[in-house]
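First to last, the sequence lines map onto chains A and B. Letter by letter, the first sequence follows residues 1 to 134 of this note's numbering. Letter by letter, the second sequence follows residues 1 to 407 of this note's numbering.
Wrong hints could be hidden among the right ones.
[Stated by the list, open to error] No more than 25 Å apart at the CA atoms, straight line, and that leaves these computed lysine to any residue pairs for SDA-like:
id : chain 1 : residue 1 : chain 2 : residue 2
1  : B       : 171       : A       : 133
2  : A       : 56        : B       : 111
3  : B       : 175       : A       : 129
4  : B       : 175       : A       : 133
5  : A       : 101       : B       : 111
6  : A       : 56        : B       : 175
7  : B       : 264       : A       : 126
8  : B       : 264       : A       : 52
[Unchecked claim] Simulated DEER-style distance windows between Cβ atoms:
id : chain 1 : residue 1 : chain 2 : residue 2 : range
9  : B       : 136       : A       : 84        : 33 to 41 Å
10 : A       : 123       : B       : 166       : 42 to 50 Å
11 : A       : 68        : B       : 136       : 32 to 40 Å
12 : A       : 97        : B       : 173       : 28 to 36 Å
13 : B       : 3         : A       : 133       : 54 to 62 Å
14 : B       : 336       : A       : 87        : 33 to 41 Å
These are calculated hints, taken from the structure and not from any lab test. For every residue, glycine included, the Cβ atom is placed at its ideal position computed from N, Cα and C.
Listed here are the chains, written in short residue letters.
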Amino acid sequence: MWRNTGIGFLLLVLLVMVTGCQATQSEFTRTAGDAGAAFAAASTTITYVHQGKITKAYASSAFVNYQSELDGLDQSLPSQQGAPDKPAIKHLLDLYKQAIKAVDNPCLDASCDWRRQVEALNRASETFVKAGGS
Amino acid sequence: MKKWLSIILGIMTATGGFLDVGAFATAGVAGAKFGLGLIWAMLLGTVAIILLLEMAGRFAAVSGKTYMDAIREDFGFKFYLLPLTSELIANSLMLAAEIGGIAIALSLFTGISWHSVFPVAALLVWVLCWRAPFSLIENVPALLGLVTLSFVVAVFVLGGPQPEVLSTLWKPNIKQGELANYLYLSAAILGAIISPYLLYFYSSGAREEKWSEDDLVANRVTSIVGMGFGSLSAIALIFLAAIVLQPLNISASTLGEVGITMAKPFGVIGSLLFAGGLFACCLGAALEVALSVGYNIAQGLGWEWGEDKKPVEAARFNLAMTIFLLVAVAIGLIGIDPLQLALFGSTITALFLPISLVPLLVLMNDRQYLGDKTNRRFTNSAILLVLVIAFVVAAVSLPLEFLSGGG
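Please model the entire structure based on the sequences and the hints provided.
Structure (structure tokens):
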């Protein structure tokens with residue numbers, strides 16, 4: 001009885017996995033969407049620190065996580081399953097290069113041009129989110 | 001009078017201790033990605049944990065035994081190894097995530113990378129497990145955790161959800177290809193809220209405090225009111241993420257992003273309240289997870305146990321806890337983000353729920369242990385239904401989540 005139940009359950013899981021394509025996103029779509037969300041979070045964090053809504057320490061801590069989320073994306077993105085054609089990838093990577101500079105060296109005080117960083121991050125966020133299918 | 005004070009303290013600690021890193025993570029991600037579309041899972045989980053906690057307390061108070069004691073006694077040693085193994089796997093992930101949550105909170109206060117603060121957080125948990133009395137572990141972090149009720153206030157300060165957000169409550173906005181992620185999060189929420197470690201901790205705590213049948217009313221009131229109020233903070237966090245993060249396309253993939261929700265209504269104070277709440281809740285949960293594993297092993301193997309005993313009087317109990325803590329630290333040092341680890345750990349917990357909790361249902365219907373205080377049919381059916389839902393959703397969504405590169 002237990003054997004039959006086990007086989008039945010395994011078959012169910014296999015069936016779900018085979019038909020699961022409709023329920024999941026491609027690797028590229030998912031990565032692009034996640035990157036877009038991380039760029040949006042980075043943009044909001046810089047804006048909030050300059051509006052006095054969060055401390056510089058809070059922002060610094062948040063940026064450590066954004067960096068580990070976004071580092072190396074330019075290497076992995078082009079080869080991912082479901083990636084678009086080369087010109088589209090090149091456009092994304094150009095935006096990525098601009099935005100990752102802000103992520104790696106965020107402007108958290110008045111000595112630098114934080115608005116420019118926010119613009120670069122917002123541009124990247126919008127395009128990546130769109131590529132991610134949202 | 002003393003009894004009522006004890007009930008009030010119980011309610012406050014249950015309220016403040018409701019959230020853990022799993023609840024923070026699942027509530028933040030759920031709200032940011034699906035608006036209010038996963039509140040049903042939070043409510044279902046809350047009803048289940050209220051019923052289960054009341055059962056665990058009733059069992060300990062009436063039978064004079066802890067849940068794990070009874071599993072070993074009634075089902076035998078071989079069977080006991082089954083829930084123990086599932087608890088060790090799920091709890092090692094969750095303890096690593098809880099310590100990670102403490103580290104993230106310290107990092108949000110100081111700006112130092114959470115990776116650097118992680119060993120400090122682990123040391124703090126170990127010192128408290130080793131030396132702190134049970135009442136301190138049970139009460140202090142949970143009372144500090146009451147700051148999470150500020151999440152509820154924040155929802156009102158922000159004016160509540162807009163109509164388009166409110167409509168996701170009954171019509172979740174699941175985009176193409178996101179069904180697997182929706183199911184994965186449903187399972188994670190159920191696993192995060194119906195955490196079996198809470199039951200082991202609660203039933204062992206009832207024995208540490210020598211509960212009897214006189215405490216049944218306090219047990220019931222604490223379970224219902226405390227957990228009910230506690231779930232308000234988690235639900236409020238879903239609302240905050242839906243109101244603040246979703247329109248900005250932020251997916252709450254790190255705990256720092258979840259805290260931004262509190263910065264919008266309250267500024268710096270809000271973000272610090274979030275970090276403080278995260279610290280208190282994760283510290284409380286880390287202590288409970290570590291202790292529950294110590295209890296499980298010691299009670300199952302018949303060793304001396306008790307947090308109020310000197311370490312030398314319950315040496316093997318303390319050693320088991322320390323070794324388990326080291327395993328969790330090793331997992332945490334791999335460097336996986338605590339939020340992602342919490343989501344995965346919570347889904348694994350949901351998958352193992354039947355193994356952990358079906359024995360409780362069997363015991364709760366045994367008159368030898370409970371006399372006329374056994375479960376009613378409705379309670380049995382409700383819990384069985386929730387366990388089946390959690391298991392099926394976790395079993396279906398986990399492989400799909402891995403296939404799409406998540407999980």
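A quick look at each hint next to the structure:
1. B:171 - A:133: holds (20 Å)
2. A:56 - B:111: holds (7 Å)
3. B:175 - A:129: holds (13 Å)
4. B:175 - A:133: holds (9 Å)
5. A:101 - B:111: With a Cα-Cα distance of about 20 Å, the restraint between residue 101 of chain A and residue 111 of chain B holds, given a limit of 25 Å.
6. A:56 - B:175: violated (35 Å)
7. B:264 - A:126: holds (21 Å)
8. B:264 - A:52: holds (11 Å)
9. B:136 - A:84: 33 to 41 Å: The hinted range 33 to 41 Å is violated for residue 136 of chain B and residue 84 of chain A, with Cβ atoms some 57 Å apart.
10. A:123 - B:166: 42 to 50 Å: 31 Å Cβ-Cβ, so the 42 to 50 Å window is violated.
11. A:68 - B:136: 32 to 40 Å: holds (35 Å)
12. A:97 - B:173: 28 to 36 Å: holds (32 Å)
13. B:3 - A:133: 54 to 62 Å: holds (57 Å)
14. B:336 - A:87: 33 to 41 Å: At roughly 35 Å between Cβ atoms, residue 87 of chain A and residue 336 of chain B fall inside 33 to 41 Å, so the hint holds.
Of the numbered hints given earlier, the model fails hints 6, 9, 10; all others are met.
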